[in-house]
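Number of protein chains: 2
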Amino acid sequence: MRVSVAPCAGFCFGVKRALKIAFDAAHKHTGDGPIFTLGPIIHNPQVVARLEREGLAVIDNLDDLENPRGGTMIVRSHGLPRSVLEDASRRGIRLVDATCPFVKEAQERAEQLAGEGYAVVIVGEEDHPEVLSIAGGLSSPATVMAGPNELDKLPRETRVGVVCQTTQPIGHLIAVVNRLLEQAKEIKVFNTICRATFERQINALELARRVDVMLVVGGRNSANTRRLWKLCQETGCDVYHIETAEELKPEWFEGKEEIGITGGASTPQWIVDDVVSAVEETQAPGDAGEESRP
Amino acid sequence: MRVSVAPCAGFCFGVKRALKIAFDAAHKHTGDGPIFTLGPIIHNPQVVARLEREGLAVIDNLDDLENPRGGTMIVRSHGLPRSVLEDASRRGIRLVDATCPFVKEAQERAEQLAGEGYAVVIVGEEDHPEVLSIAGGLSSPATVMAGPNELDKLPRETRVGVVCQTTQPIGHLIAVVNRLLEQAKEIKVFNTICRATFERQINALELARRVDVMLVVGGRNSANTRRLWKLCQETGCDVYHIETAEELKPEWFEGKEEIGITGGASTPQWIVDDVVSAVEETQAPGDAGEESRP
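These protein sequences, in sequence, are chains A and B.
Residues 1 to 294 in my numbering are what the first sequence spells out, letter by letter.
Residues 1 to 294 in my numbering are what the second sequence spells out, letter by letter.
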């Protein structure tokens with residue numbers, strides 16, 4: 001049984017950067033006031049647990065803080081809506097910005113489009129923190145489109161501006177723009193899809209087409225990991241989404257020749273390495289059976 | 001044998017307007033200096049011949065005029081490049097603008113895009129006078145793309161602006177924008193396809209899918225007529241492009257039940273009517289044969 005790991009599996013530039021900022025801030029923290037993120041800094045429970053051990057709390061709501069003044073909030077990699085940042089500042093909380101620069105660009109481009117008078121469309125998942133952070137900076141409400149199935153939600157405006165959640169597949173953006181070409185007169189599109197995400201998806205698809213079983217490693221709360229899982233399923237091979245090596249089941253590999261592994265942008269290398277080792281050590285029941293025949 | 005004429009066959013708004021301007025100018029012309037168009041005012045030889053009888057000459061080059069000063073140039077429906085208009089003015093020629101307002105919009109949008117610093121792409125036919133008039137107004141050279149087969153010609157720029165020849169099928173615009181979404185960061189598109197052209201194409205396609213023979217009536221030099229002819233061919237029915245009823249051949253209708261007719265934007269109603277009458281009067285050889293049996 002061969003094991004192949006997709007190129008680009010694991011931490012992207014924005015996640016690495018956010019974690020460096022968070023660890024540095026946690027180490028430097030003097031203990032005056034709380035240090036925390038609002039929501040997990042990245043969508044990987046194992047990494048977030050490590051950061052919590054360094055003293056970085058994860059809270060759900062600024063109201064949960066008893067004494068916020070003098071505290072430090074690391075702005076998560078997905079960004080936060082402008083209103084939340086302003087609310088935190090009003091409470092005397094210091095902000096340390098770990099927003100991914102590509103997310104920041106999507107935020108700024110959406111603001112630019114709104115400022116230029118376009119009806120703004122965000123191609124992405126309505127409840128995803130990144131999308132909330134993009135939509136939350138706009139003076140007028142944006143239309144959020146999860147994909148090709150929601151095209152009827154598109155605004156019937158003459159001038160429409162489009163940005164994209166950085167981890168969306170290009171096919172979603174294309175579907176939205178194609179429909180707009182038929183119903184709007186002027187369309188301005190910023191392709192804010194992160195190049196690394198795009199390449200990761202292409203690499204994962206290429207690998208999935210070749211192998212018998214594909215393992216997609218990453219947080220169950222990670223949208224880009226779930227997206228990889230869905231994309232790989234389109235190839236027809238067996239695909240499993242796991243967070244850690246503990247979830248592997250030997251029967252998945254019974255009679256299989258090649259196993260592919262990829263990881264989301266928020267999946268650390270040590271978890272991918274753990275999975276690779278565990279798979280290599282796995283004796284699929286079928287293999288064992290064959291070997292035990294006389 | 002039934003004959004069905006597609007809705008929207010015949011003159012479009014821009015052609016009607018251009019002809020009214022041209023006939024009015026020809027009637028008012030006092031005879032001081034020549035009155036002419038540079039290239040045919042619309043792409044229909046029969047209509048142009050009628051205008052010539054009203055005194056409106058068609059010339060190929062301003063240099064062909066012996067005494068241009070005091071003359072009148074009707075700017076053709078497809079527009080003319082800015083440099084040509086300036087050249088005519090310098091020669092003391094009065095301009096009467098019969099440019100289709102939709103073409104004018106495409107010209108202005110292309111200029112706007114160039115002014116905003118976009119690499120400009122014009123989706124259209126390189127040698128078509130409308131495309132030449134759009135490209136000719138720009139300070140820097142535009143890329144002209146005839147369609148999906150030429151996508152590799154697209155500029156590898158970060159910011160690309162797109163306009164479209166008004167009579168192009170939407171599929172060409174979509175193909176160009178889809179490729180740009182994969183290689184540019186910012187794309188601004190003005191869908192300058194004329195709504196009437198779009199509807200004419202849809203109507204022609206619907207009719208062609210239903211009938212046995214499709215007649216596309218219009219100038220052989222008319223790009224939008226040739227486009228209708230090509231589109232109808234995609235349905236698999238027999239399609240003939242004719243300029244006048246004289247070209248009809250009885251054998252085209254042998255054993256056929258339903259005949260569809262459409263016309264280009266520059267095809268006058270009287271030519272469409274002539275064709276309808278001629279087809280209705282046609283006794284296909286096969287029909288005659290059947291009827292003569294005992």
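Source of the hints: derived by calculation from the structure; they are not laboratory data.
Hints are supplied without guarantee of correctness; some may be wrong.
[To be verified] In silico DSSO-like links for lysine-lysine, alpha-carbon gap of 27 Å or less:
1) 230(A) with 16(A)
2) 104(A) with 185(B)
3) 185(A) with 104(B)
4) 104(B) with 16(A)
5) 16(B) with 185(A)
Do the hints match the structure? See the list:
no., hint, verdict
1, 230(A) with 16(A), "24 Å, holds"
2, 104(A) with 185(B), "15 Å, holds"
3, 185(A) with 104(B), "15 Å, holds"
4, 104(B) with 16(A), "51 Å, violated"
5, 16(B) with 185(A), "24 Å, holds"
When the structure is compared with the earlier hints, a violation turns up for hint 4 alone.
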